[in-house]
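Protein chains in written order, with the numbering used here: chain Y, 2 to 324; chain D, 7 to 285.
No lab work stands behind these hints, which were simulated from the structure alone. Treat the hints with care, since some could be wrong.
Facing chain Y, according to a computed beta carbon distance under 7 Å, are these residues of chain D, among others [said to hold, decoys possible]:
hint	residue
1	37
2	48
3	132
4	144
5	234
6	260
Quick reminder that beta carbons are idealized off the backbone N, C-alpha and C, glycines included.
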Amino acid sequence: MTSATAVERSGKERSRHGRAGSGRSGGPGGPGGPLGHGAWFLVLPALIPVLVLSVGPLLYGIALAFTDAQSGRTEPTEWIGALNFRDLAHDTLFWDSFGIGLLWAVGVTVPQFVLALGLALLLNQNLRFRWLARALAIIPWAMPEVVVGIMWRLVYSPDAGVLNETLRDLGLGGGRDWLSGLATALPAVIVVGVWAGMPQTTVALLAGLQNTPQELHEAAALDGAGAWRRFRTVTWPALRPVALAITALNFIWSFNSFALVYVLTNGGPGGRTRLPMLFAYEEAFRYGQFGYAAAMGCVMVAVIAVLLSLQLVGRLRQGEEGR
Amino acid sequence: MSLRTSGSARAGQYLALLCYLVFLAVPFLWLLSTAFKPARELGSLHPTWIPRQPTLENFRQAFDEQPLLRAAGHSLTAALAAALIAVLIATPMAYVMARRRGRLAAAATGWVVISQAFPFVLVIIPLFLVLKNLHLINSLAGLVMVYVVWALPFALWMLSGYVRALPAELEEAAAVDGAGRIRTLVSVTAPLLAPGIVATALFAFITAWNEFFFALVLLKSPEKQTLPVVLTHFLGAEGVADLGPLAAAAFLATLPSLLVFALIQRRITGGMLAGAVKS
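In isolation and in its complexed conformation, chain D is listed as follows:
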């Protein structure tokens, strides 16, 4: 597309790009700025971008006000467990979806698409009742089960794309050499898929770490709640919020997802492409 772009058009493009950058970056930069501002500056009528007297007080106060560490521990446990289990059960299924064309694969693909349109209300009420009967309300185990199923569509979508990108000839060659079905999967396919599996697991981790709605409904007692739910406690009643600690806690809660996302950014976009090449 870089054909014959005139100077003025180029300038216009840079201007447009700048506008996008401002729109995208401002909220995040403002969060950072607020997190490091002392209460006095937050109360003043003319807030500045750079805090006049930067402080870590908000962070200390955030930890004092809410059990952030415990909540982060719950979030971490739930997200890790959900990511591991999701990948473990999704990989074989994704393999079948990619390599076998039949009713089963078609049904799985159909479910992946339909599940995107699921109205959570319609699913959450029965899930709540089912988990209640199993005494899994208010427990991380119940939440993990929900997260696994919730992460499956995207995991299947990405993983089957990665499988499709592997040449089937490799597996045929292994079969010719006398390796059994399972042997081929474990020692030929799995290692080649590893980077894709890791990326998928990390993505499932992020979605579970960030998830709010199911956690809000399923975890009732405060000492069980995950980080996003605890964050909303800072908002208090009627929206009277202590902005400084709120910003500090929100910033901290975002760091893990941002770090993980930075690791897999390329693979996610690549994975969406790979998944989309089918049909």
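Excised from the complex, chain Y in its bound form:
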């Protein structure tokens, strides 16, 4: 057995112990314990709003997808079966938008993970100015999405923007209109998406890093494992669950995002940045096609669910073979 696998082995044992430790079911609330029926009184105040304003609307929304509901109509809404979905299948505009949404979600999630992992590894080091970097790294989290969009519009602005000015200074030409160029709009918007989601990802990964056993690092270093090797055998196994979770969440959040792109381009130019959320929003609240827009929502959820479970299964299998 090489020392690296020994290190990996003990790391796994350690985490198993940790899990067993936190899984205690004791305390005053075992089933049938003193919390007993009183629990319902504690739960109801939150449960009722959740049922009325979250679970209820979700089910209602799914039902709407099978109706011809429209805004401002006088005749009663009728069940039309899967007609909305049949129409949707032939709606090339929607599928274009859907493709853009996937491109955007992957384009945001992947660089975001790589960049945030790099930043988290740096912030985990004993560097000077680390406090400053930590504070700055978190700032986008606190900003309204609308303001993030406005801010980047100023950066991308053709004349008064800092990006074009810097490019001009570097002699790379200028005068580009990033957000209204057919080729540049989507990449420009993706950069903003990456920027805006960096904090959550970095904080989550940093938290994961701080849970990795320090002694294992030292042991691996003593055995002569280089930085990359230590990362592979000590850091990554401990970080993997956090990394998987935050990546999946980032993907979902990006796919469902609205405000950033609404402010930056409002879906333009020529629909090049029209994310499915923007598409469905217009369908529902500009054209009043509630039923059709709800069907779009259903399709979005279904596809995301399938993609995520495929990815999860793939990763799990890959992880098992790696052992």
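Based on these hints, arrange chain D on the given structure of chain Y.
Relative to the frame of chain Y, chain D by itself:
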């Protein structure tokens, strides 16, 4: 990780950190710079980082062009109400989720996870119809209700983490001393949880203050709109924006969230950790 890092590697790390700092800070600094630039400089082809003639004119103009104060008032009301109600109803539930392992707690945790994947479109249309029937469209009350439910998953996640961090022995000791269930919760658990509750409330405040999509859909008349919605009015039609006042207003709208966030930054990151230790 500070073992045997060579000098050149250290230098590389600082360089990388610098690149990150530039990437993260530039947009915000540019917003500041634009907010204090006179219109003449904004129109010139070679914008500078430091305004040549700094001015407050943009701020005055921003207040003239849009009802920022009224919008800020609406935002403040909605965010405060949502934060208070969310914490008030989430704390007991989070307590149950943390202390009791059963179907109820499992269902609540499941809902917290699933709600993160909610497609807003699918929820907003029925919500719009329901609130319309209740005559709560175009009213802050309706918006607050939506914000409360929207803030609940994260509030439950954080609060149940804080509860789990409290030793259950304390409550058992109080019970042994003859304190009733409610008495124990109010006089033993609640005070210990207070810092966590405050942090959670402030976080809910920030999310509500920053929220845009629900406000855009649910508040139709201009005199009811919240700050993020009013900010988008500066963009005008076809993206012809008055950059100076836009930057000034955007900067002002960010200040409250930044200040509150500075207060709770440590607790938020700690809370995410605490919430994550379970399972």
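Against the structure, the hints come out as follows:
1. Evaluation of the residue 37/D hint against chain Y yields a held restraint, the C-beta minimum of about 5 Å falling below 7 Å.
2. Below 7 Å, beta-carbon pairs count as interface contacts, and residue 48/D has one with chain Y at about 5 Å; its hint therefore holds.
3. For residue 132/D, the interface hint holds, since its Cβ comes within 7 Å of a Cβ in chain Y; the closest pair sits about 4 Å apart.
4. Using the Cβ-Cβ criterion of 7 Å, the hint placing residue 144/D at the interface with chain Y is not satisfied: the shortest such distance is roughly 14 Å.
5. With 7 Å as the threshold, the beta carbon of residue 234/D comes within range of chain Y, its nearest partner Cβ sitting at about 4 Å, so the hint holds.
6. At about 5 Å, the closest approach between the beta carbon of residue 260/D and any beta carbon in chain Y falls short of 7 Å, and the interface hint on this residue holds.
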